[in-house]
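Engineer: Chains as they are written, first to last, in the numbering used here: chain A, 0 to 177; chain B, 10 to 203.
Quick caveat, the hints were computed from the structure, so don't treat them as lab data. Do not take every clue at face value.
No farther apart than 20 Å at their CA atoms in a straight line, the calculated lysine to any residue pairs in the SDA-like style are these [what the hints assert, rightly or not]:
#1 B/169 <-> A/43
#2 B/169 <-> A/105
#3 B/12 <-> A/72
#4 B/12 <-> A/117
#5 B/12 <-> A/35
#6 B/169 <-> A/35
#7 B/12 <-> A/19
#8 B/169 <-> A/41
#9 B/12 <-> A/23
#10 B/12 <-> A/111
#11 B/12 <-> A/105
#12 B/12 <-> A/162
#13 B/169 <-> A/36
#14 B/145 <-> B/121
#15 B/145 <-> B/173
#16 B/121 <-> B/13
Pair by pair, the computed Cβ-Cβ distance ranges are [said to hold, decoys possible]:
#17 A/24 <-> B/172: 24 to 32 Å
#18 B/83 <-> A/48: 33 to 41 Å
#19 A/7 <-> B/118: 17 to 25 Å
#20 B/127 <-> A/42: 34 to 42 Å
#21 B/68 <-> A/36: 52 to 60 Å
#22 B/169 <-> A/105: 29 to 37 Å
#23 B/46 <-> A/132: 31 to 39 Å
#24 A/15 <-> B/59: 39 to 47 Å
Where is the CB? At the ideal position from N, CA and C, for every residue including glycine.
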Amino acid sequence: MPEPSASEREGAGRAGNVRRIVGIWALFALYVLGSFALLYGLDRQLVTPFTKVIALVTKALLGLGGVEARVTGTVVATPVFAVAIQNNCNAIYEIALFTSAVLAFPATWRERAWGALLGFLSLYVVNLIRVLSLIYVGSHFRQYFQLHHIYLWQSLFITFALVLWTLWAGRLVQNARS
Amino acid sequence: MFKTLAANVLPFTIWFLLTFAALLALWRFISPLYAETMAVTGERVLRTLSLLPQGSRLAAQDNRVWVARPVTRTDGTSATAGLNVLDEATYFNLVIFLSLIVATPALSWRRKGLASLTGLAALAALHLLDLYVKLKWTAIYPGLRMSGVIPEPASPITLKTFEWLFAFFSVIGFGLFPVVIWIGVVSLWKLRHA
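Excised from the complex, chain A in its bound form:
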């Protein structure tokens, strides 16, 4: 049987790469849709309590900084400003996206577990910073609240998640090659 030529080997390698990437994409799409269905379907049972905890943690952090705040459901109110923490500000869907990307990437389950945990903790903490900073901006620079809320934080938050995932995935690829 003749040996495959260099171009045949290259073609087979490329086809293998394409299959691998298509496989990752398919898994990612599946996990994204699955996690969205789970979260949206269990909004009252899962997402709302999660958001209420964020509101309570925010209140506690404001208290540490000497700011009195009240929490009603998912609304955090200081004497001068109030924010309603909604689905786009509770980070739960971003955490789901991050976890979907971690689960879809070829890695051991141990590495995936570490990745998911790292993502959850980092995104949760950064989201708390987002909520606190929005309360600060809303209290002191109200005219810039929308700029921060819609443009800056939404964009930077998703980019932070992407960079975090890239670092995790990049480290794995690097380790695999070395």
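Assemble chain B onto chain A, guided by the hints.
Structural biologist: This is chain B only, laid out in the frame that chain A set:
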């Protein structure tokens, strides 16, 4: 790709933030143009596909796309309702996408240009889809009766489908789409030119 990016996180972040800041400064000029383009293109595409109800019109105003459509009130009278079907908070993800492309390491400026065009076309198509989902959902939404408007008739399956699509686009679309398109165009290019 991930390895290259992971090894260049600092320049990637700096380029991303610089481009993001530049585009944010230009946003007041980009935004009305994009809204106008979406209104004109949306009207043509939806009309061609017979997805725009008779008597409805799309128009851009205040950096948003609005639909003006005939409605029937619960008291039987007719009126024209104006509803926002695409706003800045939805399509600002153009800026995320372009910033990601510019910041991508190991990609020449020519290829960044090509990747931007391909990705922007894909993102614009998703914005049009988003616009259509909002157009449809705001027409069949059962809660319209509470505001004195009779919703358009729709089967339970159609109602559920559009409710979920509306939620998906509203909650996840903003962040998911630019990132997925960016990874998609960059990976495709890497594969083709590996």
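Engineer: Do the Cβ positions of residue 24 of chain A and residue 172 of chain B conform to the proposed distance bound of 24 to 32 Å?
Structural biologist: The hint (24 to 32 Å, Cβ to Cβ) holds, given that residue 24 of chain A and residue 172 of chain B are roughly 26 Å apart.
Engineer: Starting from residue 12 of chain B, check that the Cα of residue 162 of chain A is at most 20 Å away, please.
Structural biologist: Given pair residue 12 of chain B, residue 162 of chain A holds - Cα atoms ~12 Å apart, limit 20 Å.
Engineer: With a cut-off of 20 Å on the C-alpha distance, tell me whether residue 12 of chain B and residue 117 of chain A pass.
Structural biologist: Holds, at about 19 Å.
Engineer: CA of residue 12 of chain B to CA of residue 111 of chain A, is that 20 Å or under?
Structural biologist: Distance ~17 Å between residue 12 of chain B and residue 111 of chain A Cα, so the pair holds.
Engineer: Given the hint of 39 to 47 Å, is the C-beta distance from residue 15 of chain A to residue 59 of chain B inside that range or not?
Structural biologist: Distance hint for residue 15 of chain A, residue 59 of chain B holds at roughly 44 Å.
Engineer: Sort out whether residue 19 of chain A lies within 20 Å of residue 12 of chain B, counting only the CA atoms.
Structural biologist: 16 Å, holds
Engineer: Hint says 33 to 41 Å; check whether the CB-CB distance for residue 83 of chain B and residue 48 of chain A agrees.
Structural biologist: 36 Å, holds
Engineer: Compare the distance between the alpha carbons of residue 12 of chain B and residue 72 of chain A with 20 Å, and conclude whether the hinted pair is satisfied.
Structural biologist: 43 Å, violated
Engineer: Tell me if the straight-line CA distance from residue 145 of chain B to residue 121 of chain B falls inside 20 Å.
Structural biologist: Cα-Cα ~36 Å, so violated.
Engineer: Using the C-beta atoms of residue 169 of chain B and residue 105 of chain A, is the stated range 29 to 37 Å upheld?
Structural biologist: With a Cβ separation near 35 Å, residue 169 of chain B and residue 105 of chain A satisfy 29 to 37 Å, so the hint holds.
Engineer: Verify the proposed pairing of residue 12 of chain B with residue 23 of chain A, using a straight-line Cα cut of 20 Å.
Structural biologist: With Cα atoms ~16 Å apart, residue 12 of chain B and residue 23 of chain A stay inside 20 Å; holds.
Engineer: For the pair supplied as a hint, residue 169 of chain B and residue 41 of chain A, is the alpha-carbon distance within the 20 Å limit?
Structural biologist: Holds: residue 169 of chain B and residue 41 of chain A sit about 15 Å apart, inside 20 Å.
Violated hints, listed in ascending order, are 2, 3, 5, 14, 19 and 21; each of the other numbered hints is respected by the structure.
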